[in-house]
Amino acid sequence: MTLIVRSIARWMIPSIFLLGVYVVLHGHLTPGGGFAGGVLVAGSFVLSILAFGVKKNKVETKKEWSSLTESIGIFLFWFLAFLGILWGSYFFLNVLTKMSPGARFHLFSAGSIPLYNLAIGIEVASALFTMVFVLMVFREKERP
Amino acid sequence: MNTIPYFVIVPLGVAFLFPFFSRAKKGIVDFLVLFSEGFLFFLALWNVAHAGEVQVYAMGGWKSIGGIPIGIYLVMDGLTRLMLLVVNGIAFWVLLYSIVYMNQYTDPWKYYILFLLLIAGLNGVVLTGDLFNLFVFVEIASISAYALVGFGLEKEALEASIKYQVLGGIASMFILWGILLLYQLTGTLNMADIGRVILANNHPPHALHWVAGLFLAGFGLKSAIVPFHAWLPDAHPSAPSPISAMLSGVVIKGLGIYPLCRIFFNVLGFESILGSLFLGLGGLSLLLGAFCALGQVDMKRLLAYSSINQIGFILIGMGVGTPLGVLGALFHLMNHAVDKALLFLNAGSVEYATGTRDMRKLGGLRALMPVTSTTFFLGSFAIGGLPPLNGFWSKLLIIFALVEKRQYFMALVAVLGSILSLGYFIKIQRNVFLGSSKTDKKIQEVPWVMQISVIVLAIFSIGMGALLLSPFRKTVLDPAVQVLERGCVHYLHSVLGG
Amino acid sequence: MVYGLTLVLFFIGLYGILFKKNLIKIAIGLCILEYAMNLLFALVGYRKGGVAPIVTSQEGASSFFVDPLPQALVLTAIVIGLGTTALLLAFAVRMYRHYQTFDVEEMRKLQG
Chain W
40 MTLIVRSIAR WMIPSIFLLG VYVVLHGHLT PGGGFAGGVL VAGSFVLSIL
90 AFGVKKNKVE TKKEWSSLTE SIGIFLFWFL AFLGILWGSY FFLNVLTKMS
140 PGARFHLFSA GSIPLYNLAI GIEVASALFT MVFVLMVFRE KERP
Chain B
250 MNTIPYFVIV PLGVAFLFPF FSRAKKGIVD FLVLFSEGFL FFLALWNVAH
300 AGEVQVYAMG GWKSIGGIPI GIYLVMDGLT RLMLLVVNGI AFWVLLYSIV
350 YMNQYTDPWK YYILFLLLIA GLNGVVLTGD LFNLFVFVEI ASISAYALVG
400 FGLEKEALEA SIKYQVLGGI ASMFILWGIL LLYQLTGTLN MADIGRVILA
450 NNHPPHALHW VAGLFLAGFG LKSAIVPFHA WLPDAHPSAP SPISAMLSGV
500 VIKGLGIYPL CRIFFNVLGF ESILGSLFLG LGGLSLLLGA FCALGQVDMK
550 RLLAYSSINQ IGFILIGMGV GTPLGVLGAL FHLMNHAVDK ALLFLNAGSV
600 EYATGTRDMR KLGGLRALMP VTSTTFFLGS FAIGGLPPLN GFWSKLLIIF
650 ALVEKRQYFM ALVAVLGSIL SLGYFIKIQR NVFLGSSKTD KKIQEVPWVM
700 QISVIVLAIF SIGMGALLLS PFRKTVLDPA VQVLERGCVH YLHSVLGG
Chain U
-13 MVYGLTLVLF FIGLYGILFK KNLIKIAIGL CILEYAMNLL FALVGYRKGG
37 VAPIVTSQEG ASSFFVDPLP QALVLTAIVI GLGTTALLLA FAVRMYRHYQ
87 TFDVEEMRKL QG
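From first to last, the protein sequence lines are chains W, B and U.
Using the working numbering, the letters of the first sequence correspond one by one to residues 40 to 183.
Using the working numbering, the letters of the second sequence correspond one by one to residues 250 to 747.
Using the working numbering, the letters of the third sequence correspond one by one to residues -13 to 98.
FYI, nobody ran anything at the bench for these hints, they're computed from the structure.
Treat the hints with caution; some may be incorrect.
Some, not all, of what chain W presents toward chain B, calculated at C-beta under 10 Å [what the hints assert, rightly or not]:
| id | residue |
| --- | --- |
| 1 | TYR61 |
| 2 | HIS67 |
| 3 | TRP104 |
| 4 | SER106 |
| 5 | GLU109 |
| 6 | ILE111 |
| 7 | ILE113 |
| 8 | PHE116 |
| 9 | TRP117 |
| 10 | ALA120 |
| 11 | PHE121 |
| 12 | GLY123 |
| 13 | ILE124 |
Heads up, the beta-carbon is just placed ideally off N, CA and C, and yes, glycines get one too.
Work the whole structure out from these sequences, hints included.
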């Protein structure tokens, strides 16, 4: 990519990443939440690949770490939901609120909802990055 | 002990746990998946045997405030127990079969993940009491089915899957449109609550007819009723055989017929025009499926058209509206699930052993593959309607219900469809199993693991006629029939607690 | 009026699926269909004079919100649309490797 794109990207990528992390973490206070924040984080990675190319990013043409992160993210989500059953009550119960209710409008409140947002953020970011990676970068040997 | 959430938790949990086990030995992985599905099968049987009142499970602990439900409810009533038994039962035997069958493909782990997601989605569809949750689970199951149909990644599988995806996507959008119209009209998404609001309103708005039409189009597309059946004859042959068995036996019923029944009988209210529509569409499906099946040369494509045929029977039974008709339709749903799964698994065995599905190239398999041919014989005549196998009783009930309601023309159509179905099954028998072998390949019977599932399903198809006897009927079929027959008022009372 | 425009978008998407020959254009048509439905759903929740449904700690903030339930549902529906689109595009890329074209007319192996 051209010099202009690369210089702007050098500043934008950390900003977009940080914005995405902010949206994920404040999902219970401001609009957004896991999915929107995860898309932003994935966007920063995709911008990195688009602007700087594949080689500079050291993205190799085999199975990437993002697939494993996606699995970790979605398993964390399931496990958080399952905690409700372990607590003896309903699936998807907000367990942390039952254990220790927090104050309103603070960052550490609303029980397990920020944890759900975090799990979904990790999962969506990894999933989108895996998709982009597979469609753009990873090519098997072309079949006849 | 409340067993409702486990039907969704267990397949989801095992599916999400899978990527961490991808390097384990295949035997351990197979055992884990089989064990989880066996657990669900056992739970479904247990639920049917210990059937009690309607159980309501509020997800996340959000109970109703002032009588208005604010959370997502999972409801288990008689119809749900029946559908859970069908879904999990067929899934278990198909999974047992696919352990050996999927060795032909390169990536069995992805298959298991998708299969478990499909089961989670189907279980969620039959369990949920909330309309948007129904949509979400229908989409989970549909996306898993799209990916599984194209699993072989050859040209035909991809083409069939793309057709299925586009048509299924349009269907989902119709369903979403219906849901949002219903939300705008009633202000709630809980199915029992929608029923209550509609009942309280003495003049239902005309928009409800449009909503009913949208749901009929959307779910009709997913269950391959006749104007909307275009994807089915391509998707079923191209999928791997266990997936064809699941699709034909379980998915088109769980994602199509079950939501239609639930919404039309328990939420919107069953009017007579709906009954006529069901009768008309069912009759069209019957005839078109039968006539198209007679001309096929591909074995699995013939079985796919036969599915369209039998779904027509189920629709006709539902459309009659009397208890006898609904009993016949639900019983035929169970029978067709067992028999069609059996037939597709056998077709898969034939393909596994000989490498082709083209009936012009096959022949004389009766001597070479005795187990396959005997069970195929049993399955095809069961669904064709030969006494005392199970299909005969359900078709008899449906035809009796039609005659009782004086729909003589539809009864004649049903009898004609039944005779034609026997016709095309005889065609398969003659071309594939009788006669002399046309290829030089060495053909032998399939491995014993695959034979177990097929034999068990054949035993079910022989013995399931006994479900009409009084003690079995009272536990399995009657509660389901009562849920549909008693309509909206009973449903909302049992869910919302009077 | 706004609902009518959303339905126009719906029919544009449907037109794209039914009449276009390029597989990518069919996928785009399906996407437009889904976005139209999501937009319609989000618009259903509008209440005259309501503000965005965010509870803040300021005093004096109006508490007449627009309906938040359709917004949550639309979030879910968007994610579902993402999954559907991703799967369709992955299959389209695979088909391209087989046929070297995106033309739907060429991909008709299954007949009868």
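Verification of the hints:
no., hint, verdict
1, TYR61, "26 Å, violated"
2, HIS67, "15 Å, violated"
3, TRP104, "12 Å, violated"
4, SER106, "7 Å, holds"
5, GLU109, "8 Å, holds"
6, ILE111, "9 Å, holds"
7, ILE113, "5 Å, holds"
8, PHE116, "8 Å, holds"
9, TRP117, "5 Å, holds"
10, ALA120, "8 Å, holds"
11, PHE121, "6 Å, holds"
12, GLY123, "7 Å, holds"
13, ILE124, "7 Å, holds"
Consistency note: the structure conflicts with the earlier hints numbered 1, 2, 3.
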